[in-house]
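Asks: Taken in sequence, the protein lines are chains L and F.
Using my numbering, the first residue of the first sequence is number 2, and each one after it goes up by one.
Using my numbering, the first residue of the second sequence is number 24, and each one after it goes up by one.
Bear in mind the hints are in silico, worked out from the structure with no lab data behind them.
Glycine is no exception: its CB is placed at the ideal position from the N, C-alpha and C atoms.
Each hint should be verified, as a subset may be incorrect.
[What the hints assert, rightly or not] Derived DEER-like restraints, expressed as beta-carbon distance ranges:
#1 L:582 x F:150: 42 to 48 Å
#2 L:91 x F:250: 47 to 53 Å
#3 L:71 x F:38: 42 to 48 Å
[Said to hold, decoys possible] Partial list, derived from the structure: chain F residues whose beta carbon lies under 10 Å from chain L:
#4 99
#5 125
#6 136
#7 176
[What the hints assert, rightly or not] With the Cβ distance kept under 8 Å, some of the chain L side facing chain F (calculated, not the full set):
#8 480
#9 483
#10 484
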Amino acid sequence: MNLFLTYTVLGFVIGASYAIAASGLVLTYATTRIFNVAHGATAMVMAFVYWELAYNQGLSNWLSVLLVVFVVAPLFGALLERWVIRRVADAGVGVTLVVTCAVLVGLIGAAEKIWPPGVHSVTMFFAGHGVHLGKVHVSGNDLLTIGLAVAVGAVLYGLLTFTRTGVAMRAAVDDKELLALHGGRPHRMAALAWALGSALAALAGILLVSARQSELNYISLTLLVVNAYAAAMAGRLTSLPRTFIGALVLGLLNAYASGYLWTSNAWTGFREAIPAIFLLLMLVLMPQAQLRVGRLSGIAGVRTPELRRIAIASAALVLAVVIGNAVLSAVNVNRMALGLCFAILALSLVPLTGFSGYVSLAQFTFFGVGALTVAKTHSSAPTAVFLGAVLAAVAGILVALPSLRLQGLYLALSTIAFAQIMDYMVFQNPSLGGFGGSLKTKRLDLFGYRFTSDKAYALLAAAVFCVVGALVIGLRKGRYGRILIALRDSPAACATLGLNPRLARVAVFAGSAAIAGLGGGLYAGLQNQVGSSNFQFFNSLPLLLIVVCAGVTSVSGALLGGMLLMALNSYPDMQPYLFLILAAAAVGLGKQPNGITGWLFELREHPVAGRLGLGSAGTARSIAASAAVKAPVKSSVAVGENAEAEA
Amino acid sequence: MTHLDVQDVTVRFGGVTAVNEATISADGGQVTALIGPNGAGKTTLFNVITGLQRPTAGRVLLDGNDITHTPTHRRARHGIARTFQRLEAFGSLTVEENIRVAADAIRSKNAKPARVTRDLIRKIGLERYAQARADAVPTGVARLVELARALAIDPTLLLLDEPSSGLSEAETEAFGDLLRDLAGQGRAVLIVEHDMPLIMRVSDRIHVLDRGILIASGTPAEVQADPTVRKAYLGEDEAPSSEPTLVMPAVEAIGEDEAEENPPALPESTGQEAEGWF
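Assemble the whole structure, with the sequences as input and the hints as a guide.
Replies: Following this line, the structure appears as structure tokens:
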């Protein structure tokens, strides 16, 4: 009985900190309809700021908490809203997810720079104090956490329900223009919501680190608050009371799982995956969304190249690799090959995100399935790589099936849940024999030739990239590619033409996952050894960010994206510059959804901008520009999620 | 025979009853019109027929088979196609590709998709715009793209939701001939339209909806003579307050026989209509 009580108290404490974090997430989403992927990273950075003030600068704990929660965090939230969020407020789910991903990656980069890895630990509040419930000791820190959660819940509920400000905040999401007409200030409301959300993230972050008394860690803290996503989804991102109940249930599940579940290794993975499973469950149980009608939207894609151009570009890539092999150092040749493997991974996003508009944060998981297959079969045969691609495709189907009814943000969240579940329950599963650590792999053996040298491997990766790239372009030009784009533009219209939207979605997820798995198989061979840490869900965030910024609608964009991802991993010194480029491209996505390659293509096609404006591919765009004036109805009907390219 | 039967369909959105026990039908070889003031529930009824909106009560029959619970894409394979009042063209694709997607979708029939596409572009008169992106063409043209796209699946029942808005007078004239032509091929054409002269000219039968309730059905002459219809349109008992100007010209068209010679100029866009957004 005592044990049960202990775990119940623990559950309440965990639930309380999830509730605080989740309510911040709900607040920002409910008022601005932007899901803040960087919520956990904000909590992490604010916990570091707290450490800095209290332990490095020697301020008192309480003063530091007050400064962080009431000054630093709200200021950060308001500035973030002012300079970043407001600019993408009307863009689609894809763009807002990418931009908040950029904030997340940037925050982690900044934290690593300001507080280099070392000893950062904090102590509990009210250390040594506490009360006894029967024989169970509840620490002062635990009581504080629960008390604060109750207070936060009460204050927020009161604010949103009973005050003018709260009502205006809720009005801001429904119709900004209307609120402004009635004398409200939608921007101020949004800034206020983000300031509050950021303060709540800070509070949750500080409580979590002080309860654990462990080292402050950039990633684990960021991911820990990801668990709050699950609680927030219990309230469907809008209801605070449901969010609190969800957080409580999740906290109790976690606590009982750690108390009563078998302690064997396999079950440890399950325990870790509980929040992700909870999240997936909440998403799957979402009510059926009806197909939306009432929009005419399109995203200006890049021109699909002709066969001749594909051949020339492929030859140029292979030639570049040959030259690279000749002039680069051994280390850099290896990096070039790595970049090409990442480029194949990036290519997997082209049909999925570029053509179909689905945001997936599970691509590194598919990549990992391919790598794991090659590592476990311990084979050098191409069949191992092929098998990896097939298994990855199966994983892709597993992602697509439960989330068939989900759109936009919810689909993206379900891919996060899937990636977490795969990571904890499969990749780190000890019965898979060491993938949690690292496994040795063999280089590919093709028709008796062994790609032992990095140079040969780079050429192989380039050749595979060219073949898959050509297939992707072929897909876009054909029947299936048109269907994918039509489905993105108007699922409702597709259904009225007899197309089954679900079948197409499962197929594109399977195909995309297969490409990622293929890349993963090649990556495993290149690295000589791989482990699960290379394929965490977390890696998929910078991948999505980089590829979308580089240009997710084109094969060239995928190549650039792969190389940028490699550079980010291999050249830490270049990181600040890369982030600058990415930030610029991310903010430019509203204007040029085809990313950096989109800008480059435009430069090439319009060397003298506009003067020769009737170049072959430019025609469509110039017609678009002139017709935008002729079709005034258009802007009023473009209310869909994919309306980011509206002229 | 009766191709489409909508029986006692009711649709409620929360507390609002958009369609209240409406019963309409459409026959093969005929043009059937569905008219009524804004907010009467016309588009909602179209959504019910195509399966985009589940009815609260009532049935939808196609050739006597109950399709009330059939998914939208299967209904399309049974021969139902439609256009949308709020445009749903595939904005990222060219006009030609828009039609091609539909032509590809129905592969079981023998016609070659490329050929079907080419023929439709010529038939609907879209040659000029074939290679332009669909989100870049004028509204009227985009409506024709939707029509061509719907025809590409060779439907037996064609639902057209305000297809003529955005067309010029001459284009509307040609469009009316096209409608007769489509019915002449044996298709059932069900059309929602505010252009009363056009409706009076092309329809075989007219159903009149007002605030979700079917208030009259009959030939154009019968409907024009119906006192209930005149009352609803004239707004003698507190007509719906939304955009009365849209309705008034239509009243003249119904009330005066010389409407044919002197077609009233209707405002072009009704894109702001509240249907489907409750």
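Asks: Give me the numbers of the hints this structure contradicts, sorted from smallest to largest.
Replies: none
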